[in-house]
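Visitor: So you can see what is in the structure, the chains are spelled out below.
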Amino acid sequence: NAGVMQNPRHLVRRRGQEARLRCSPMKGHSHVYWYRQLPEEGLKFMVYLQKENIIDESGMPKERFSAEFPKEGPSILRIQQVVRGDSAAYFCASSPSLGELFFGEGSRLTVL
Amino acid sequence: AQSVTQPDIHITVSEGASLELRCNYSYGATPYLFWYVQSPGQGLQLLLKYFSGDTLVQGIKGFEAEFKRSQSSFNLRKPSVHWSDAAEYFCAVVRYSSASKIIFGSGTRLSIRP
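Just so you know, the protein sequences line up as chains A and B, in that order.
Counting the first sequence from 1 gives a position; this note's numbering is that position plus 1450.
Number -4 in this note's numbering belongs to position 13 of the second sequence; there are no gaps in the numbering.
Be a bit skeptical, because a hint or two may be false.
Stated by the list, open to error - Capping the alpha-carbon separation at 20 Å, the derived lysine to aspartate or glutamate pairs in EDC-like fashion look like this: (1) Lys1494/A - Glu71/B; (2) Lys1494/A - Asp(-9)/B; (3) Lys1501/A - Glu1550/A; (4) Lys1512/A - Glu1555/A; (5) Lys1494/A - Glu1522/A; (6) Lys44/B - Asp68/B; (7) Lys1521/A - Asp1536/A; (8) Lys1512/A - Asp1536/A; (9) Lys51/B - Glu(-2)/B; (10) Lys32/B - Glu3/B; (11) Lys44/B - Glu1550/A; (12) Lys32/B - Glu1550/A.
Stated by the list, open to error - Pulled from the structure, derived: some chain B residues nowhere near chain A, Cβ distances all over 10 Å: (13) Asp37; (14) Lys51; (15) Ser53; (16) Ser67; (17) Ala70.
As the list claims (entries may be wrong) - Beyond 12 Å from chain A on every Cβ pair, some chain B residues (computed): (18) Arg60; (19) Pro62; (20) Trp66.
Worth flagging that the hints you see were computed from the coordinates, not collected in a lab.
Nothing here was measured: the structure is a model prediction, and the numbers come from that model.
C-beta atoms are modelled at their ideal positions from N, C-alpha and C, and glycine is treated no differently.
Take these sequences, add in the hints, and give me the full structure.
Guide: Here it is in structure tokens:
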């Protein structure tokens, strides 16, 4: 049973471009979470999704950021018109139910 | 609002010495509590969790944690650390509601002195 798969592991974008991060949860897991980790900081909750539904997006910036978890395919975290402050590691986690999270290895976004 | 506090940003202990990492939470009801470890450039790995029952929980890699309701604490311990334990450790609490999410503390970086 493969773990949580995130890609790309590293992404470089110039200011104003779009960044698209993908997350495939563990098999059988229907809950997906996205967290952002800035250098030397902890993890900040961004969004919690179930299949085709956004359950809690209270940690997502109101502009430029969006997330989806379609019926088929991976969850996508999309950042439009990236700025330097978006440079961070973005972690996806999945869970079979409410509680324990299984993390991917993260996607590291660098904005030039 | 619930929160998780890890008061120690950075701790250094000698190899073979005992370890205790502190975690305090603020939550109205009995929380579900977790400790995760993150090695450099990696994701987070679950060390242990507390849902209910025995307040002393055993985890992987020789770690344990004790839930103390009176102190709102869930401190992580290990009797003898190894150099491979050097990492970032995160305490987390989950809020059970219609929009549950896990809240993480800011982390404690553990360095091991040879």
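Visitor: The structure should be examined with respect to each hint, and the outcome stated for every one.
Guide: Results of checking the hints against the structure:
1. Among the hinted pairs, Lys1494/A with Glu71/B is consistent with the structure: their alpha-carbon atoms are about 15 Å apart, no more than 20 Å.
2. Between Lys1494/A and Asp(-9)/B the alpha-carbon distance is near 18 Å, which keeps this suggested pair within the 20 Å criterion.
3. At roughly 18 Å between alpha-carbon atoms, Lys1501/A and Glu1550/A fall within 20 Å of each other, so this suggested pair holds.
4. Restraint check for Lys1512/A and Glu1555/A: the C-alpha separation of about 26 Å exceeds 20 Å, so the hint is violated.
5. A threshold of 20 Å between alpha carbons decides the hint, and for Lys1494/A with Glu1522/A the separation of about 27 Å lies outside it, so the pair is violated.
6. Between Lys44/B and Asp68/B, the direct Cα distance comes to roughly 9 Å. Compliance with the 20 Å bound is thereby established for this hinted pair.
7. Distance restraint check for Lys1521/A and Asp1536/A: the Cα-Cα separation of roughly 28 Å exceeds the 20 Å cut-off, and the hinted pair is therefore not satisfied.
8. Distance hint between Lys1512/A and Asp1536/A is fulfilled; the C-alpha atoms sit about 14 Å from each other, no more than 20 Å.
9. Taking the CA atoms of Lys51/B and Glu(-2)/B, the gap is about 27 Å. The hint is violated against a cut of 20 Å.
10. Distance check on the hinted pair: Lys32/B and Glu3/B sit about 16 Å apart at the alpha-carbon level, within 20 Å; holds.
11. Proposed proximity of Lys44/B and Glu1550/A is supported: the alpha carbons are some 18 Å apart, at most 20 Å.
12. Under the criterion of a C-alpha separation no larger than 20 Å, the hint pairing Lys32/B with Glu1550/A is consistent with the structure, at around 8 Å.
13. Interface exclusion of Asp37/B from chain A stands, the closest Cβ pair being 17 Å apart, more than 10 Å.
14. Even its closest Cβ contact with chain A, about 21 Å, leaves Lys51/B beyond 10 Å, as expected for a residue assigned away from the interface.
15. For Ser53/B, the non-interface assignment is confirmed: its Cβ lies about 24 Å from the closest Cβ of chain A, beyond the 10 Å cut-off.
16. Look at Ser67/B: its CB is around 18 Å from the nearest CB on chain A, clear of 10 Å, so calling it non-interface holds up.
17. With a least beta-carbon separation of about 14 Å from chain A, Ala70/B lies farther than 10 Å from that chain, consistent with its non-interface assignment.
18. Listed as outside the interface, Arg60/B is consistent with that label: its C-beta sits roughly 20 Å from the nearest C-beta of chain A, beyond the 12 Å cut-off.
19. Every CB of chain A is more than 12 Å from the CB of Pro62/B (nearest about 25 Å), matching its label as outside the interface.
20. For Trp66/B, the non-interface assignment is confirmed: its Cβ lies about 22 Å from the closest Cβ of chain A, beyond the 12 Å cut-off.
Hint compliance for this structure: hints 4, 5, 7 and 9 are not met, and every other hint is.
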